[in-house]
Amino acid sequence: MKFFYFSFVNPNLIKHISDQQLLDNFYADHNNKWLGILLERYTLLLFGVCMKYLKNEEEAKDAVQQIFFKVIVELEKYKVTYFKSWIYMIAKNHCLMQLRKKQESTSIDLSDKIIAADGFEEENIYLQNEQLTESIYEALQELSKEQKQCITLFYLEKRSYHEIADRTGFTLMQVKSYIQNGKRNLKLMLEKKMNQ
Amino acid sequence: MNNDLFNILANNSNIDTQKLIDYLNDKLSYKERNEVERWITDNEIANDAVEGLQQLKNKKNLQAYVDQLNKNLQNQLQQKKQRNQKRRIKEYPWIYFTIIAILVLCIIAYLVIRNTLH
Chain R
1 MKFFYFSFVN PNLIKHISDQ QLLDNFYADH NNKWLGILLE RYTLLLFGVC MKYLKNEEEA
61 KDAVQQIFFK VIVELEKYKV TYFKSWIYMI AKNHCLMQLR KKQESTSIDL SDKIIAADGF
121 EEENIYLQNE QLTESIYEAL QELSKEQKQC ITLFYLEKRS YHEIADRTGF TLMQVKSYIQ
181 NGKRNLKLML EKKMNQ
Chain B
1001 MNNDLFNILA NNSNIDTQKL IDYLNDKLSY KERNEVERWI TDNEIANDAV EGLQQLKNKK
1061 NLQAYVDQLN KNLQNQLQQK KQRNQKRRIK EYPWIYFTII AILVLCIIAY LVIRNTLH
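Order-wise, the sequence lines are chains R and B.
Under this note's numbering, the residue at position 36 of the first sequence is numbered 36, and the numbers go up by one with no gaps.
To convert a position in the second sequence, counted from 1, into this note's numbering, add 1000.
Heads up, a few of these hints could be off.
Cross-link-like lysine-lysine pairs, in silico, DSS-like; alpha carbons within 25 angstroms at most [to be verified]: (1) B:K1059 / B:K1071; (2) R:K70 / B:K1060; (3) R:K77 / R:K145; (4) R:K79 / R:K145; (5) B:K1027 / R:K70; (6) R:K33 / B:K1080; (7) B:K1080 / R:K79; (8) B:K1090 / R:K158; (9) B:K1060 / R:K77; (10) R:K15 / B:K1031; (11) R:K15 / B:K1071; (12) R:K77 / B:K1057; (13) B:K1071 / B:K1060; (14) B:K1031 / R:K61; (15) B:K1071 / R:K61; (16) B:K1027 / R:K79; (17) B:K1081 / R:K61; (18) B:K1059 / R:K77; (19) B:K1090 / R:K15.
What follows is a set of in silico ranges between Cβ atoms, one per label pair, in the way DEER data are often shown [claimed, not checked]: (20) B:K1019 / R:K102: 48 to 58 angstroms; (21) R:D166 / B:R1083: 17 to 27 angstroms; (22) B:D1026 / R:R167: 56 to 66 angstroms.
No lab work stands behind these hints, which were simulated from the structure alone.
Where is the CB? At the ideal position from N, CA and C, for every residue including glycine.
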């Protein structure tokens, strides 16, 4: 009973509350209820991230609990703004530390500019004007043939990875990579055009 | 067409745990798969997580894992609450001392007044 003091909260009522709003509520009244709701949104994602790096179910489950503990302690000390990027960084660093402890060499790249990338994402640029549409269309034509094909099928025709792989003959990994790199290139080209 | 082009730049809304589990268990329609995959493309954490979750041998147990981890999380939060309460007592002992002192004084005053009246 005592452990489920916020389990009565209707999930549909809290679904629309953003991560930032939940954090602000927590900073305002320090009620753990908000932290519980916020962290539960990330349980599966954290488990997945830990699985990716640790490759062991039990170790991944332990790691998630340790990450939760760290997050609970750290959130009391600091005001966090980009929660998703922050918790991702904590999880990744924790897994890398675990791997280092086991003295295994790893070539995981730590230099991801997570905060910077997500900062751009959080800005939620959605400038709907003719000029931008034209710029996106032009930038799309400048992508490599594979990237253009995958981006078009994924975003314009709303096909799934599997469907795209079936249609193009690429592997699933290639499809994913063409979409991610294509989107990144598209953003870079648009930024360049806007700065001109 | 214009809106579809804007979709490339738009940030896709969050996908909840149940939908992600359904995606991993191949229970979604092609349209829903596209929705989840657009979200994955935009989120580094989701991208890494799906890669990790796809390594699981038995994805049917995912919901049970999540439930167990959430239960443990609630335990951790409950323990933190209790620790905070204990710390508050330790940090402000004079408040409790003052309350006890006032109560004792009230009892003494009552006894003195009663004895005096008698």
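* Asked: So which hints don't hold here, by number, going up?
  -> Numbers 2, 3, 4, 5, 8, 9, 12, 14, 16, 18, 19, 20, 21, 22, in rising order.
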